[in-house]
Amino acid sequence: MANIHFTGIIPALVTPLKADETIHEETARRLMNWQMDQGVDGFYLCGGTGEGPVVQPGERMKLAEIAREETAARGKKLIVHVGCVDLKSAIELAEHAGKIEADGISSVPPFFFHYGEEEIRQYYTALAEAARVPVIMYASPLSGVNITWDMVERLLDVPYMAGVKWTSYDYYTMRRIKELNGGDINVLNGPDELLLCGLAMGADGGVGATYNIMPRLYCRLYEAFRAGQMEEAQKLQYKANRVIQILIRYGVVPSVKEILKRMGYDCGYCVYPAKRLELEEDQKLNKELDELRFEEEYVNL
Numbered sequence: 001m002a003n004i005h006f007t008g009i010i011p012a013l014v015t016p017l018k019a020d021e022t023i024h025e026e027t028a029r030r031l032m033n034w035q036m037d038q039g040v041d042g043f044y045l046c047g048g049t050g051e052g053p054v055v056q057p058g059e060r061m062k063l064a065e066i067a068r069e070e071t072a073a074r075g076k077k078l079i080v081h082v083g084c085v086d087l088k089s090a091i092e093l094a095e096h097a098g099k100i101e102a103d104g105i106s107s108v109p110p111f112f113f114h115y116g117e118e119e120i121r122q123y124y125t126a127l128a129e130a131a132r133v134p135v136i137m138y139a140s141p142l143s144g145v146n147i148t149w150d151m152v153e154r155l156l157d158v159p160y161m162a163g164v165k166w167t168s169y170d171y172y173t174m175r176r177i178k179e180l181n182g183g184d185i186n187v188l189n190g191p192d193e194l195l196l197c198g199l200a201m202g203a204d205g206g207v208g209a210t211y212n213i214m215p216r217l218y219c220r221l222y223e224a225f226r227a228g229q230m231e232e233a234q235k236l237q238y239k240a241n242r243v244i245q246i247l248i249r250y251g252v253v254p255s256v257k258e259i260l261k262r263m264g265y266d267c268g269y270c271v272y273p274a275k276r277l278e279l280e281e282d283q284k285l286n287k288e289l290d291e292l293r294f295e296e297e298y299v300n301l
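Following the numbering used here, the numbering of the sequence shown begins with 1 at its first residue and continues without gaps.
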């Protein structure tokens, strides 16, 4: 269908940062290529997992340029999240994404000031006109905006509007969105722990934080679902959730970065003042991963 641009497993890439919070280019390139070797279908940059709203715009552009080089060389897709508190910065990021020929852009609705639907329409229209590539709305509770199925329906006439990244447990509403426009709407599942639920309710693929550390497992889950092997897909989802329940205790993004460091990809800390794991927490996290035989059972399966 014309609007189904993104399918499969798309990691919400963590942003590899140096101590001065600039992009760690060498780590970013190695991490993306390892994940592509595992079978992922592309990347979603600088959303919640990628800490986009608190990474400096120039560094976001730098990461987008690096990602475009790496994904273009491998025939993979790139979605650049351009959401910002102010529209001017978001437009600059959208223009840049269009210039580097990203496959699409995404954004949470404008946040903090509780904008109305017409203001949200104007925001997405401005981003679409700046980038001139497919636009994926980001429905996230972090934005404070309740995106309903009928709001999505009304916004489908925004130029280049292709669909929604659905980060919500409300799969009834997600299904109603997927049925809009005769099904010609790109819906991507957000909650990692419910990827299979999203796929079962019609999502075209998933975008997730823990795809960074278990890409092969999620690729196999997606492949099993597509092949009608529901029992196998369930086993893989339940398996992933055993890791997710550990990460939730310590903080998902800081823990994902710590696990990547354990795997040889030092992505630095989250942007200050975000949480950094204390030594005791770090030790407990790694102990629990050892007990699961994480590398053997979840990474190299």
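Since the hints were made in silico from the structure, they are not lab data.
Do not rely on the hints blindly, as some may be mistaken.
Claimed, not checked - Below, simulated BS3-like cross-link-like pairs (lysine-lysine); rule was C-alpha separation at most 27 Å, straight line:
{"#": "1", "residue 1": "Lys99", "residue 2": "Lys77"}
{"#": "2", "residue 1": "Lys62", "residue 2": "Lys77"}
{"#": "3", "residue 1": "Lys284", "residue 2": "Lys18"}
{"#": "4", "residue 1": "Lys261", "residue 2": "Lys284"}
{"#": "5", "residue 1": "Lys261", "residue 2": "Lys287"}
{"#": "6", "residue 1": "Lys284", "residue 2": "Lys239"}
{"#": "7", "residue 1": "Lys18", "residue 2": "Lys77"}
{"#": "8", "residue 1": "Lys235", "residue 2": "Lys18"}
{"#": "9", "residue 1": "Lys239", "residue 2": "Lys287"}
{"#": "10", "residue 1": "Lys239", "residue 2": "Lys62"}
{"#": "11", "residue 1": "Lys62", "residue 2": "Lys18"}
{"#": "12", "residue 1": "Lys261", "residue 2": "Lys275"}
{"#": "13", "residue 1": "Lys88", "residue 2": "Lys77"}
{"#": "14", "residue 1": "Lys284", "residue 2": "Lys235"}
{"#": "15", "residue 1": "Lys76", "residue 2": "Lys62"}
{"#": "16", "residue 1": "Lys62", "residue 2": "Lys287"}
{"#": "17", "residue 1": "Lys275", "residue 2": "Lys287"}
{"#": "18", "residue 1": "Lys76", "residue 2": "Lys18"}
{"#": "19", "residue 1": "Lys287", "residue 2": "Lys76"}
{"#": "20", "residue 1": "Lys76", "residue 2": "Lys99"}
{"#": "21", "residue 1": "Lys88", "residue 2": "Lys99"}
{"#": "22", "residue 1": "Lys261", "residue 2": "Lys239"}
{"#": "23", "residue 1": "Lys62", "residue 2": "Lys99"}
{"#": "24", "residue 1": "Lys77", "residue 2": "Lys261"}
{"#": "25", "residue 1": "Lys88", "residue 2": "Lys62"}
{"#": "26", "residue 1": "Lys275", "residue 2": "Lys235"}
{"#": "27", "residue 1": "Lys239", "residue 2": "Lys18"}
Taking the hints in turn, this is what the structure says about them:
1. Among the hinted pairs, Lys99 with Lys77 is consistent with the structure: their alpha-carbon atoms are about 15 Å apart, no more than 27 Å.
2. Among the hinted pairs, Lys62 with Lys77 is consistent with the structure: their alpha-carbon atoms are about 17 Å apart, no more than 27 Å.
3. The straight-line distance between the Cα atoms of Lys284 and Lys18 is roughly 25 Å, inside the 27 Å bound, and the hint therefore holds.
4. Of the supplied pair hints, the one linking Lys261 and Lys284 holds, its CA atoms being roughly 15 Å apart against a limit of 27 Å.
5. Using a Cα cut-off of 27 Å, the hinted pair Lys261 and Lys287 holds, with the two alpha carbons roughly 15 Å apart.
6. A distance of roughly 20 Å separates the Cα atoms of Lys284 and Lys239; the hinted pair therefore holds under the 27 Å criterion.
7. Note on Lys18 and Lys77: the hinted pairing holds, with a Cα-Cα distance of about 26 Å set against a maximum of 27 Å.
8. Our distance criterion of 27 Å between C-alpha atoms is broken by Lys235 and Lys18, whose separation comes to about 37 Å.
9. Simply put, Lys239 and Lys287 have alpha-carbon atoms about 18 Å apart, close enough for the 27 Å limit, and the pair holds.
10. At roughly 35 Å between alpha-carbon atoms, Lys239 and Lys62 are farther apart than 27 Å, so this suggested pair is violated.
11. Using a Cα cut-off of 27 Å, the hinted pair Lys62 and Lys18 holds, with the two alpha carbons roughly 13 Å apart.
12. For the given pair, Lys261 sits about 16 Å from Lys275 by alpha-carbon distance, which is consistent with the 27 Å threshold.
13. This hinted pair checks out: Lys88 and Lys77 have alpha carbons roughly 26 Å apart, not beyond 27 Å.
14. At roughly 26 Å between alpha-carbon atoms, Lys284 and Lys235 fall within 27 Å of each other, so this suggested pair holds.
15. A threshold of 27 Å between alpha carbons decides the hint, and for Lys76 with Lys62 the separation of about 18 Å falls inside it, so the pair holds.
16. A hinted pair counts as satisfied when its Cα atoms are at most 27 Å apart, and Lys62 with Lys287 does not qualify at roughly 35 Å.
17. Between Lys275 and Lys287 the alpha-carbon distance is near 20 Å, which keeps this suggested pair within the 27 Å criterion.
18. Pair hint Lys76 plus Lys18 holds up; C-alpha atoms about 26 Å apart against a cutoff of 27 Å.
19. Simply put, Lys287 and Lys76 have alpha-carbon atoms about 35 Å apart, too far for the 27 Å limit, and the pair is violated.
20. In summary, the hint linking Lys76 to Lys99 is supported, as the alpha carbons are separated by about 17 Å, within the 27 Å threshold.
21. For the proposed pair Lys88 and Lys99, the alpha carbon gap of about 17 Å is at most 27 Å, so the pair holds.
22. Among the hinted pairs, Lys261 with Lys239 is consistent with the structure: their alpha-carbon atoms are about 22 Å apart, no more than 27 Å.
23. Taking the CA atoms of Lys62 and Lys99, the gap is about 13 Å. The hint holds against a cut of 27 Å.
24. The suggested pairing of Lys77 with Lys261 holds, with an alpha-carbon distance near 25 Å, which does not exceed 27 Å.
25. Of the pairs offered as hints, the one joining Lys88 and Lys62 holds, with about 18 Å between alpha carbons and a cut-off of 27 Å not exceeded.
26. Proposed proximity of Lys275 and Lys235 is contradicted: the alpha carbons are some 32 Å apart, above 27 Å.
27. A hinted pair counts as satisfied when its Cα atoms are at most 27 Å apart, and Lys239 with Lys18 does not qualify at roughly 32 Å.
Of the numbered hints given earlier, the model fails hints 8, 10, 16, 19, 26, 27; all others are met.
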